[in-house]
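Engineer: Below, each chain spelled out in residue letters.
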Amino acid sequence: DAKTTQPNSMESNEEEPVHLPCNHSTISGTDYIHWYRQLPSQGPEYVIHGLTSNVNNRMASLAIAEDRKSSTLILHRATLRDAAVYYCILRAARSTGTASKLTFGTGTRLQVTL
Amino acid sequence: DVKVTQSSRYLVKRTGEKVFLECVQDMDHENMFWYRQDPGLGLRLIYFSYDVKMKEKGDIPEGYSVSREKKERFSLILESASTNQTSMYLCASTPRDRGRGEKLFFGSGTQLSVL
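Sequences listed follow chains D and F, in order. Per our numbering, residue 1 is the first one in the first sequence, and the count goes up by one each step. Per our numbering, residue 115 is the first one in the second sequence, and the count goes up by one each step.
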């Protein structure tokens, strides 16, 4: 299964944009890029996902490199509530009866300060 | 909203006990997963299942087994609990892969302490 690489930690000031990078150099053509975040004392929650084109939703934007070997999660205006661990994973698109393995790494711990 | 419910938020067990961690989802999802989470190690996949009675090993299956007798329920079993199995256990579910990048839904986790 293709793996992802993320920085261990990042810091941001409140109200500023945050760009969280993820490298996935061994991504295959049918892998979706997913982002999840885990707030303290909670299970991870879905943030956004995409395949080739950039994606926007109410939580964030996802910018995908043209060669798809990296992506960036963009929080447009960080708030204290965005302090969490952010995980980037790859999900193979397949229509067989089996499931993708869905491996998470250690993610990026985002600290947001006033 | 999809709900993934883990039966206990906190659990304390003794070494050698048989431990059952239960997970139930209410969205008719085919795929279910068990992860453990330890400081500095991120989420590590223990087992997953893509259908009733089907299971596959994840990255760290040793010391664990699973049961999926009904579609909505996926149980993680520690046959003989050991102190190194003290951890946060997270269950997740997702629909069958249909080529649209279906997203995962997680439970709140069970913090297991083995004394």
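Note that these hints are calculated values from the structure, not bench results. Incorrect hints may appear among the rest.
Unchecked claim - Here are a few chain D residues that face chain F, going by a calculated C-beta distance under 10 Å:
#1 Thr30
#2 Ser41
#3 Leu51
#4 Met59
#5 Ala60
#6 Gln111
As the list claims (entries may be wrong) - A few chain F residues that don't get close to chain D, going by computed Cβ distances all over 10 Å:
#7 Glu183
#8 Gly223
#9 Ser227
Don't be surprised by glycine CBs; every beta carbon is placed ideally from N, CA and C.
Engineer: Each hint needs a verdict: does it hold in this structure or not?
Structural biologist: Structure-based check of all given hints:
Proximity of threonine 30 of chain D to chain F holds as hinted, the smallest CB-CB distance being about 8 Å (cut-off 10 Å). Among the interface hints, the one on serine 41 of chain D holds; its C-beta lies about 8 Å from the nearest C-beta in chain F, closer than the 10 Å criterion. At about 7 Å, the closest approach between the beta carbon of leucine 51 of chain D and any beta carbon in chain F falls short of 10 Å, and the interface hint on this residue holds. A least Cβ separation of about 12 Å between methionine 59 of chain D and chain F goes past the 10 Å threshold, and the interface hint is therefore violated.
A hinted interface residue such as alanine 60 of chain D counts as satisfied when its beta carbon comes closer than 10 Å to some beta carbon of chain F; here the least separation is about 14 Å, so the hint is violated. Annotation: glutamine 111 of chain D was flagged as interfacial toward chain F, and the flag is violated, the nearest CB pair being 16 Å apart, outside 10 Å. Distance check for glutamate 183 of chain F against chain D: the nearest CB is about 18 Å away, which clears 10 Å, and the non-interface claim stands. Listed as outside the interface, glycine 223 of chain F is inconsistent with that label: its C-beta sits roughly 5 Å from the nearest C-beta of chain D, within the 10 Å cut-off.
Non-interface status of serine 227 of chain F relative to chain D is upheld: no Cβ of that chain comes within 10 Å, the nearest being about 15 Å off.
In summary, the numbered hints that this structure violates are 4, 5, 6, 8.
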